[in-house]
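**Student:** Kindly generate the complete structure, drawing on both the sequences and the hints.
Protein chains: 4
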Amino acid sequence: MRRIRLGMVGGGQGAFIGGVHRMAARLDDRFEFVSAAPSSDAARAQASGIELGLDPQRVYADFRAMAVAEAERPDGIEVVAVVTPNHLHHAVAGAFIDAGIHVICDKPLTRTLDEAIDLVARVRKAGVLFGVTYTYSAYPMVRHARELVESGALGDIRVVQVEYAQDWLAEDIETTGQKQARWRTDPALAGEGGCIGDIGTHAYHLACFVTGLGVTQLAADLATFVAGRKVDDDAHVSLRFDNGARGHLWASQVATGCQNALALRVFGSKGSLSFRQESPEELWYTPLGQPTQRLTRGGPSLGAAAAQATRIPGGHPEGYLEAFAQLYREMADQIEARHAGRACVLAVPGVQAGAQGMHFVDAAIRSHRQGGAWVSLEA
Amino acid sequence: MRRIRLGMVGGGQGAFIGGVHRMAARLDDRFEFVSAAPSSDAARAQASGIELGLDPQRVYADFRAMAVAEAERPDGIEVVAVVTPNHLHHAVAGAFIDAGIHVICDKPLTRTLDEAIDLVARVRKAGVLFGVTYTYSAYPMVRHARELVESGALGDIRVVQVEYAQDWLAEDIETTGQKQARWRTDPALAGEGGCIGDIGTHAYHLACFVTGLGVTQLAADLATFVAGRKVDDDAHVSLRFDNGARGHLWASQVATGCQNALALRVFGSKGSLSFRQESPEELWYTPLGQPTQRLTRGGPSLGAAAAQATRIPGGHPEGYLEAFAQLYREMADQIEARHAGRACVLAVPGVQAGAQGMHFVDAAIRSHRQGGAWVSLEA
Amino acid sequence: MRRIRLGMVGGGQGAFIGGVHRMAARLDDRFEFVSAAPSSDAARAQASGIELGLDPQRVYADFRAMAVAEAERPDGIEVVAVVTPNHLHHAVAGAFIDAGIHVICDKPLTRTLDEAIDLVARVRKAGVLFGVTYTYSAYPMVRHARELVESGALGDIRVVQVEYAQDWLAEDIETTGQKQARWRTDPALAGEGGCIGDIGTHAYHLACFVTGLGVTQLAADLATFVAGRKVDDDAHVSLRFDNGARGHLWASQVATGCQNALALRVFGSKGSLSFRQESPEELWYTPLGQPTQRLTRGGPSLGAAAAQATRIPGGHPEGYLEAFAQLYREMADQIEARHAGRACVLAVPGVQAGAQGMHFVDAAIRSHRQGGAWVSLEA
Amino acid sequence: MRRIRLGMVGGGQGAFIGGVHRMAARLDDRFEFVSAAPSSDAARAQASGIELGLDPQRVYADFRAMAVAEAERPDGIEVVAVVTPNHLHHAVAGAFIDAGIHVICDKPLTRTLDEAIDLVARVRKAGVLFGVTYTYSAYPMVRHARELVESGALGDIRVVQVEYAQDWLAEDIETTGQKQARWRTDPALAGEGGCIGDIGTHAYHLACFVTGLGVTQLAADLATFVAGRKVDDDAHVSLRFDNGARGHLWASQVATGCQNALALRVFGSKGSLSFRQESPEELWYTPLGQPTQRLTRGGPSLGAAAAQATRIPGGHPEGYLEAFAQLYREMADQIEARHAGRACVLAVPGVQAGAQGMHFVDAAIRSHRQGGAWVSLEA
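For the protein sequence lines, the chains are A, B, C and D, in the order given. Heads up, the first sequence is in numbering that gives the first Met the number 0, so the first residue is 0 and it goes up one at a time. Heads up, the second sequence is in numbering that gives the first Met the number 0, so the first residue is 0 and it goes up one at a time. Heads up, the third sequence is in numbering that gives the first Met the number 0, so the first residue is 0 and it goes up one at a time. Heads up, the fourth sequence is in numbering that gives the first Met the number 0, so the first residue is 0 and it goes up one at a time.
Since the hints were made in silico from the structure, they are not lab data. Worth double-checking, as some hints may not be accurate.
Since copy identity is lost for identical chains, a pair holds within one copy or between any two.
What the hints assert, rightly or not - Below 25 Å or equal to it, Euclidean Cα-Cα: the simulated SDA-like pairs (lysine to any residue) are:
no.: 1; residue 1: Lys124; residue 2: Ala42
no.: 2; residue 1: Lys269; residue 2: Pro286
no.: 3; residue 1: Lys269; residue 2: Gly302
no.: 4; residue 1: Lys229; residue 2: Arg365
no.: 5; residue 1: Lys178; residue 2: Ser39
no.: 6; residue 1: Lys269; residue 2: Val33
no.: 7; residue 1: Lys269; residue 2: Gly288
no.: 8; residue 1: Lys124; residue 2: Asp332
**Tutor:** Okay, structure coming up:
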C-alpha cells in the first residue's frame, strides 16, 4: 500500500500535540512525513526539521510559503496537519485549503465563530478534505456507543450528561512560564472561551457524536476561579436537544483531583450508556429492567463500528501497544549504545529472563508429575 | 536520529503478533523494517513481503538463508524479531545469534528447557543483544511498582499473588480450525506446558520483575479441563521465594469471563501494591496504617522509571494514541478514496463538526453575558 | 439505659418506609415502640397494630386523637415518627407539635412551602424537638466529608456536583396500581414538585450539609418525559452558592439503569471529595497535587465525626449487620418451626458446617507439618 | 408474632462480637434478650447485666449454672448465643446442648477437631437446633450466587478462587495489650490454627456454601511472618474438590492494605461469578461468550434466595439502615439531653433543614415557570 505524503505546521521543539500527531500517523503506516513549518523562526524551524529527519529543503519558516511550494511540487504533500495554537488555525488551514491541500486540524477549529464559518465556506469552495481531531470520537467503545444509539437500543434519548474535568489550571500556572497554560489562558491566542473552548468543545462533540442529536438551546454559567485569569476556567452549560432531550455539560480546569475526566452518560426510554475516557476499554450498557452489562473492546456482542477501530484483541488495553513499543525503544537504545561502545543497562528482559521462564515451566511440570509435591527450581 | 535496520521471521498473512511487533517498532520511529522471512512457502513469503512494502530481494522463505544473506550485506539487518510459534524460536533465534545479529524474541523463549539453556550459552558466546518481549514489564505503572519495591517502600516482601486468567480456551476451539488455539495446544509446537507456558511465564516474569525476588521452590497442580486437550489449560502453582516470602500463581485459559486478566499483588511489612493489566493506567499503593492511594500514569508522586516509559500526559489512557491514529487512518482512507474517485463516508469529524464547536462556544459566551439566560444556538 | 417511648403515624400494612423506621429505632435499643395510627380505617389500623405487637388501646385510626390521648397519658409517647405520604406531613406533625410531643418526620417536609414555613413557626413556639430523616447525611463517610470540608482541607469550595438518579419511574407504572408511584406522581399528595421534591431535596440537603454552604440562586429546567405524568420526572438545576461557588444538581426518576445513584462531588482550591451512596463505605479524597486517597469507614485517618456514626469495624460493610440478622431470623424460623412441629430447612449453617471448618483447619495443619504435601480431609 | 427468649454467654464489657449479635437479634424483632453470663467474674457479670437492661436474677457468672437454671424456668431461654473466645465454645455450647437449649455459636466451632466432632454427636443426641454464624453466607448476593450455581447457570465448576485478606496483625500488636489480638494469637485460646482458623474457616465455608462442592484434598503452606508469633498469620491452601475442580484459598492477617477483603470467584464451563464482601451489593456474572453482568441486590433478574434475605430496596446499600438508625440514635440523645436539661447540638437535620428543602423545590418550580431563568431562593 502506498503512503500518503504528510506535512505539518507547528509541532516544533517544546510542543506537545505535534508529537502525538506524528506517532498517530506512523501507527498504521499509511503516511510518509515529508515537510513541515515547525516554527516561524528560520533557525529554529531548521533545527526542528533536522530532529524530525526531514529534507531541509522542505522545512519552512513561513506556512504560506510552504502551502505554495508544496502545492507546486509533483511530490508535494497531499495533506497537512495543523497543530499550532488556536489563533493560527484559521490562517494556516486557510492557506492550505486555498492551495488545494487536504487538512487535518486540531480543535477547537478556530479562535472565533466568524473564522470557523469562513473555513467552512472555503473548504466547500476548494473541495478539499478537512478533518478535525476530536480524538475521543475515535475510541472503539465510543464508536460502539454511537452504533447502539443508532440501532434504537436506547429508545428515545431523554437525558444526556457529559463532563470534562481537569485540574491542571487549579492554580495560576500561566504566570509561572508554563507554555501550554500561557497561550490557553490568553484570549488573543486561545479565543474568548477558555475552558469552554479548550475542552468544552470536546465534550460537546462527544455528546452530539454519540447521540446523533443537535443542541438547540443552552444556558451557560461560566466562571473564573483563579484570580487574574482572563478566560473562564469552569463552565456549567444546561442543554436542550432537538428531540426534546435535556442535558448538562460541565467543563472545568480547576476540578482538583481530575486528570482528563471526560465522561458521557446517555439515558433513553429503553436503556442507558456510560463511558469514561479514562477507562476507554469499557462501556456500560443497561437495557431497562435488565442487569447492567460491561461491554469491552474486543469482547462479546460488539459490532462493526468498534471492530473497525480495533487493532489488538480484547483484554489487552490499548497501552499494550505502547508497552510493546517501549521494549523496542529500549532494544534500540541498547543497540545504539553497543554501536557507540557505550554501556547501557536497561529494563528489557534478556535471554536469562527467557530461560528463567522455561525453568519455571519445567519445575511446574516436574511438580505436577510428582502429584503436586514441592520441587526446587534448579532441578 | 538514524533508524536501526530491522528484520522479522514469522508474522506473515494470518498471523497476529507480528503486526503488533511492527506497530510497536514504528511508534517511536527508531527502526526501519527492511527484511523478512514471513513464511517457509516461497510464494506466500513473497505475497506477504509485497503487503509489507519490502524489497522482494530481501524477502526470504528460509530463515537460515536470511540470516546468512543479511549478515553479509553492508546494509543488512542489525536486529531480527522472532515472532513464529514457540517450536521454531530455538532454531530461528539460534541462526541469527550465530550470524552475529541481535534478536528480539517472543515468549516463551523456547519449547523446552534444554533449548533455552542452549540459547543462553550461544548468546553469551556470540555477544549479541537478546530481548524477550515480556510486554507487561514495560507498562509505566509496572516500572513504577518495581521502583517502589526497590525503594524499600514496601518493607520486606511477605506475600506475592499473581494470576493471568483468560477464557478463550474454555471450549475446544482447537478442533474447529482456530489457528492460534491449534498450535498453542499441540505439545510438538508449543512445548509440554500449555497454559503454564503460554501465559504462566508472563505472570511468573511479572512477579519476579516487580519484586526483584527469585523463586526457590514451587508446587504445581496442573489441570486439563477440556476433554481431549493434550496440554494443561489451568495451573495452580504455590511459590516460595528466596527471601522467605510465600506466594501463589494462577494461570488459566478456561476462566470464563476473563479476557487478559493479568494481576499482581505484592504485600510487604510496610505496604502493598496492586496492579491489574486491564487497567494499566493505575497502581494501588497502601502504606501500612494509611489510606490506599491510587497512583496514575502521569499523575502525582511518580518517579523516573515510569516517566521513562511514558509518552503522553496523565489521564489520557494510552489508547488515546490509537484513537488519534484511527482518525489518521480514516483520513488516509478518505484521501485514497478521493484519489481513486471512490465515495467514502467515514466517521472522522469534518469542518462542520469543527464549526459546530465554535457555535457552541459562541452561544455559551452569549448566554453567560446575559446572566446565564437560555439562548438559541443559531444566533 | 432507659428506652424512649415512640409512636408512629402511617406505616401500616403495604407501606415501605415505616418498617425501615422501626428497624432503625430498634438497632441501638434506645426506643420502645408503644403506639401508632397506622391507618385512618379503624379495622385496618387494629389489624396493623396486632401485627406490630402493640397494645390495642394505643392503636388509633385518628392521628389527632392519638396526639391528644398520648399527651395526656403519664406513659404517653415522647416522640412520634411521621411516615405518611407528603400531603399529611403538615397536619400530622402539627398535631403532635401542638401537643408538645417531639417529632421525627420523613422528607420532603411538607407538600407546599407555606406549610413548611408554618411548621417552622409552630416548632419554635412549642419548643419541641423536630428531626427530618435526610438519611444520607448520617452515613459515616458523609459525616467525614463534612468534617474534612470544615477542617479547611479542601480550601475554598469552587464547584459542587450533586445528583440523584433512579429509573423506577422510567415507565408510567403509576397507572398500573403501583402504590408508591401513584401518590408520588399525584400533585395533590406529593406536592407540585415530583422528582425535584422526592429525591431532589435529598441531593440538595446532602450538598448543603457537606459543604456548609447555602444556595443563593438557581436556574431550573424541569421535564416530564413520561406521557401523561402530572409532575416532573427529571430536574436539571444550576446552582450558585453564597461563597461564589457554582454547581449543578440533577435529579431524575427516568435515568435508566440507575437504582439510587446519589452522588456528591466537591471541588475546592486545595482538594476534592467524591462520595457515591451506593458505595457508602468509601470516600475519595484528593489533595491538590497528590495521589487520590480511598478513605474507608473504620480505616486509617478518619476523625471523630465518622467514628460517632460507626458501629462495626472497617471492611465489614454495614450490610454485615443485616447478614448477621438474617442468620438470627432463620434461627428464629427454625425454632418456631420446631415449636410448631413443622419441617423447616433453611440456609443457616449448622453444627456440621462448623465441624467441617475444623476438619479443614486440621487438614491444613497436617499438610503444613508434612512440608506442604497433599493430604485428604478425612484423616 | 411472639418473640423467642434469647440468652448469651460472653459479650460483656469490652467485647466486640456480642454487641453485633444483639443488634442482629433486634433487627427483625424476633427475639427477646432475657438472660446472660457475660463474665465469669460475678461483679463484672452483674455490671454488664445492668448495662444490658437484664433482670439481675437472670445474670450469671457461671455458664453451667445458667444452662441448668434457665432450662428449669418455665420462661427460660429457648436459645443461647455463644460469643466467647474459641477455647470456651465447646464447654459452653455443650452445657446448653445437654440442657436441651438451642445454640447459636460463633465460628470457628471449637478449638480442636476432637471438640468439634464431640459437639456434632451431642447435638444429634440432644436433638437441639445449632447454628454457626458464618455470617458471609447470609448476604443476599451470596445466596443468589449459590442459587445460580444450583441452577446450572455456570455449568460444571472447574476453578474456585477464594481469599480472605486482612492486615490488622501485620505488626505484633498482641504484645501491646490489644485484647482481640492477644487471644487470637494464643494457641491455648484460639486453637492451633491462627489465621487459618480465624478467617480461613470463613473463606472455606463460603467456597463450599456457594459451590455446593466438598474438598477432598488440600496442600497447605502456613507461614508466620511476624517474629515471635505462635500461630500462623498467612495461609496458602491448594484445594481439590470432589467433582475434580481445582482451587486455591488464601487467608492472611498480614496483607497490608486489606481490611476484610473476603472474595470468592467461581469459574464453570458455562459461566463465572465474582463476589467481594466489601462490595456486598453486587455480584458479577459472566455467561460464557456474553458480556459480564453486574447483578445487584434488589435489582433485575434476582431470584427467591436473595429476596428472602433482603429487607430494603435495591440501590440502598444495607448501610442505609444504619444511617437511619443513626438519626434515631441522635434524636434519642437530643430527647434525653432535653429530659435532663443538658445542651445537645447534633447533626440530625431539623425542621429548618426540612423547610430549606421546600424553599429549594419552590425556587426550582418558579425558575422552571420562567423558562429556566435564574431566581433567588428567598422569593
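**Student:** With 25 Å as the alpha-carbon cut-off, assign the pair Lys124 and Ala42 to within, between, both or neither.
**Tutor:** Close neither inside one copy (36 Å) nor across copies (48 Å); limit 25 Å.
**Student:** Within, between, both or neither: how does the pair Lys269, Gly288 come out at a Cα-Cα threshold of 25 Å?
**Tutor:** Both: 9 Å inside a chain and 24 Å across chains, each within 25 Å.
**Student:** Could you place Lys229 and Arg365 in one of the four classes (within, between, both, neither) given a Cα distance threshold of 25 Å?
**Tutor:** Close across copies (17 Å), not inside one copy (70 Å); limit 25 Å.
**Student:** Reference check for the pair Lys124 and Asp332, CA-CA at most 25 Å: within, between, both, or neither?
**Tutor:** between (49 Å within a copy, 22 Å between copies)
**Student:** Treating 25 Å as the Cα threshold, decide for Lys269 and Pro286: within, between, both or neither.
**Tutor:** So Lys269 and Pro286 pass the 25 Å test inside a copy (6 Å) and across (23 Å) alike.
**Student:** 25 Å Cα cut-off: does Lys269 pair with Val33 within a copy, between copies, both or neither?
**Tutor:** Cα proximity of Lys269 and Val33: none, with 50 Å in one copy and 47 Å across.
**Student:** Could you place Lys178 and Ser39 in one of the four classes (within, between, both, neither) given a Cα distance threshold of 25 Å?
**Tutor:** within (17 Å within a copy, 54 Å between copies)
**Student:** Could you place Lys269 and Gly302 in one of the four classes (within, between, both, neither) given a Cα distance threshold of 25 Å?
**Tutor:** both (19 Å within a copy, 23 Å between copies)
Figure legend: structure checked against the earlier numbered hints; hints not met, in rising order: 1, 6.
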